[in-house]
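Novice: Okay, here's what each chain looks like letter by letter:
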Amino acid sequence: MVKITIDGNVYEVDPKDNLLQTILSLGLDLPYFCWHPALGSVGSCRQCAVKKYSGEDDQKGRIVMACMEPVVDGMRISVNDPEVKDFRANIIELLMTNHPHDCPVCDEGGECHLQDVTLMSGHNYRQFDFNKRTHNNQYLGPFINHEMNRCIQCYRCVRFYREYAGGRDFNVFSSRNRVFFGRYEDGVLENEFSGNLAEVCPTGVFTDKTYKQHFTRKWDLTTAPSICHNCSLGCNIIAGERYGTIRRIASRYNGKVNGYFICDRGRFGYEYVNSDQRIREPLRRGQASGRLEPVDRETVFNYFKKIFDKKPRLLGIGSPKASLESNHALQMLVGKENFFAGVSAVEHQLTLKAIQILKEGPAEVPSLRETEKADTVLILGEDVTNTAPMLALSLRQASRQKPMELPIKMNVPTWHEMAVLELMQDERSPFFVLTPTETKLDDIATAVYRNAPDNIARLAHAVAHYIDSAAPEVENLSEEETELVKQIAENLLSSKQPLIVSGTSCLNESLLEAAANITRALKKRQKSPWIFLTVPEANSVGLALLDEKDLNQAIEKALSDSYDALIILENDLYRRIEEDKANKLFDAFEHVIVLHYLHNSTTDKANLVVPVGPFSESDGTLVNNEGRAQRFYQVFYPGDSVKESWRWLGQIITGHGLNGRSELSKLDDFIEALVRDFPELKAVKDLAPNADFRIAGQKIPRQSHRYSGRTSMNANVNVSEPKPPEDEDSPMSFTMEGYQGMPPSPFISRFWYPGWNSVQAVNKFQIEVGGALRGGDPGLRVFEPQTDSDAPYYTRIPEAFKPQKDQWFAIPVFHIFGSDELSIYTPGVAELAPKPYLLLNQKDAESFSGEKVNVLLDGKQIELTVKTSSSFPSGMVGIPFGLPEMKIFKFPNWVKISG
Amino acid sequence: MLSDKERTEIEEHSRHYPRKQAAVIEALKVVQSHRGYVSDENVKDIAEFLEMTPDEVDSVATFYNLIFRKPVGEHVILLCDSVSCWIMGYETIMDHLRAKLKIEPGQTTEDGKFTLLTIPCLGACDRAPAMMIDNDLHGNLTVQKIDEILKKYK
Ligand code: SF4
Ligand code: SF4
Ligand code: FES
Ligand code: FES
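Chains as they are written, first to last, in my numbering: chain A, 5 to 903; chain B, 190 to 343.
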């Protein structure tokens, strides 16, 4: 700690950050543009000027850029000196000479850092009366809008896109006041994190194009803290609504999980919520018509009543996309023995295995954001950019961790972005990517290894054996493979913080076991390794903690036992198992009840469809891939028909006197019941204060105090303002009434602070800039690794993969856009999803004559266009996972090809 | 497509650097010396040859105002409009050139002979006003001298 004097006040600070960041951490205001806590300082905008005095006698001082100043003991500076204030006003005036002042038609208006800084710097009147230079804008794809004239040349976009996110199809062009930020030519931005440009750019140059389709000002949005449901990482998001539709998703800073950013699937994959496929009222299959027909709520309860009159046996199928509370509510309704996780046996086994490995240790499990600090990375099987996108962004930062030693050694501050990059040049942390297909992290890899999952597992087991000879040995590796094993092992051993990444997407248990073995071997060699495993979906871990029984077992049970009704929670079984199996299951039931928010093949089979809320209209808890439970809150009240699944189920349970336990009406009741049945999940109760929590007797508003139109927005329905809906499930209100100050971190529904209307206001919500949110980052682990455990080695080494003569080993290939069931409802996501194809090794493909081949799969014949890769393993085929046109979900599998 | 000659020349330059991408400025100069300017297609060709993206190559190309990204005339006139030349009356020279060539700065004559551009300081302030045509420097310009000089480039 050192002492510094700012405008006569003495502060004690940690000198680790630059002066600007330190000033902001102290809660003071200082305008800035080019500095970004995740990117660093480049000193290019000159907006953060302060006066620095050389000693006690120095009355004059000199102007320096705070973002480029290290903090040193005894430092004396002034933020409010009149000369430096003038300087900052001049700078903004200069930056604005070419700015179009088009705030009224700019999507950034009202949450614009440029507006905030202009005001803060005191530049109020324009004197520039010459022509402004103008630019042509580019088409950048379905997600990002471009309006170059608004640029103030802070270079944040290009630094984020190229250096931070690794994109190469974007740059800065030209010079002086003509500089242009964009692409070489019009075209879709290729980087999976391009959406962050909308938040990184402090002006309205890059904005969210999906938001533009149904734009509303930030102050007119009803917003709530939520969790992304589009993969297993559980990034924190803010969802915003107006007039009953979700308008946009923004990232919600969480110092442990996603930091400042989210991926494009998370940001843009929300439009299913507004889809015309939404189920908004109860539906019952008409006896005469055979079609689903709208009915009222009472009919739903009567339907259940009829079933319950017979003292029925119910079979319940849960979902890895639904909350713990909803899954548990179904479990309570049907009884634990009749509840099954709604995922295939393979997938469920792998998820359970992943949990087991994480719990057993001895490897520590970093949080998503902590993975950035690993200095050696080994990826086993997982194409993270496509299965857990934000992990790819974090690992890209990890690739700079080792070379960061150089600036540290030379006393160059790590926040000094340009100096650091200059010093690092092409140096990267040791980084190994062992996957069947090419990945978007190959460019930073020390070495890549393309092979079948079993062979990758073998190589990884050999790494474990190299590190500790007590780990099982692998025979018959090639010379090159042995070399690679040695290289990986030596690098892991010499690293300070090794990280092993794997996951379930290869559907290969040996890979997970090998990952565990490597960490166990490293531990034996006195290392403290990290392990990070990805799982299929947002609540796969939560679901697996509730029940070990899978969908295949459900089918067996349904066929062997006699059941009266099947209840399916937020799940399309046709995306989980082969079609004929699903059909068999449905055929076994007279009553099929489906709780869902979208029409799909499963609701097509239902006799009764119960309209439930997706994440935007539900509260609940998810457990992410590292075992972190996180709460998401309902954004808006969707009317009287759509309810959370748990609420419907709770009413059915109590309505039939089934609970025999306590009250089941509010979220807190369900959490209580969950924790009682699963004491291991007790952290779920501590995630956030319960619904009774008040600040100064008030609720926390979901709307800003500037929310407009409230008294008139429903005037077409009724001229008198309706009573606002009440939220009995959380301490938040659906309106603008309530406590306007800073809420506890789990209830942050917008980053706003007086004078700070843009997302940059997040500085004010953090204990120190870039660190944890005040009161701690929300989210709690439901299990922690046992780091002192002596878990034994897994001993089963798989056989080497052998290509076969007349059949091919099919593995799924994942796509950030296309593989996920829900995000594809966003038109832009569908546009970027690949067309159906079959991936083959180039040589293998030569044995087929045409561009198309016929694939025989589970007795079905489909024609697919061949895509080839020289590195894809021979004897295998890759099939894009989850594309709506393909409906192939049985993996791994042997298939036949002709053509 | 880059010509064989261009490839050889670029390769020659890239040998001087630890990574070939460092030769991108030279590559742009090579192409310009052969073609007078660097077309959109050439940017892509250079990118492929040096294993870069067109975005990376064009960022460099557009930064330098003497790399021409549009066709120029047979001869390029660079008239200095910086401070010494301004004091010494470059504006008269400019007016004369505009009238004579019937073009504005940034344009090329109809017959494709001349492109007129301005440049801030040619390092010939002692001979202001000054201009450069192709690789020749012309100082102490007067209206009369201009007519003489231009004749040489017909
Ligand atoms: S486009 Fe935005 S982020 Fe990029 S330099 Fe301009 S103002 Fe900065
Ligand atoms: S990485 Fe996953 S959880 Fe995070 S924003 Fe993307 S899809 Fe959502
Ligand atoms: S923020 Fe310091 S110079 Fe831009
Ligand atoms: S100012 Fe014209 S040559 Fe220097």
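The set of hints was computed from the structure by calculation and includes no laboratory data. It is possible that some hints are incorrect.
Which residues of chain A face chain B? A partial, calculated answer using Cβ under 7 Å [unchecked claim]:
# : residue
1 : Asp173
2 : Asn175
3 : Val176
4 : Ser178
5 : Arg180
6 : Tyr188
7 : Phe787
8 : Thr791
Here are a few chain B residues that sit away from chain A, every Cβ distance over 12 Å (derived from the structure) [said to hold, decoys possible]:
#  : residue
9  : Gly225
10 : Tyr226
11 : Val232
12 : Met241
13 : Thr242
14 : Val246
15 : Val249
16 : Thr251
17 : Asn254
18 : Trp275
19 : Glu299
20 : Ile322
Yeah, the Cβ is synthetic: ideal placement off N, Cα and C, and Gly gets one too.
Novice: None of the hints should be skipped; say for each whether it holds.
Specialist: Hint check results:
no.	hint	result
1	Asp173	6 Å, holds
2	Asn175	4 Å, holds
3	Val176	6 Å, holds
4	Ser178	4 Å, holds
5	Arg180	9 Å, violated
6	Tyr188	4 Å, holds
7	Phe787	44 Å, violated
8	Thr791	43 Å, violated
9	Gly225	20 Å, holds
10	Tyr226	16 Å, holds
11	Val232	7 Å, violated
12	Met241	8 Å, violated
13	Thr242	5 Å, violated
14	Val246	8 Å, violated
15	Val249	9 Å, violated
16	Thr251	4 Å, violated
17	Asn254	7 Å, violated
18	Trp275	18 Å, holds
19	Glu299	26 Å, holds
20	Ile322	23 Å, holds
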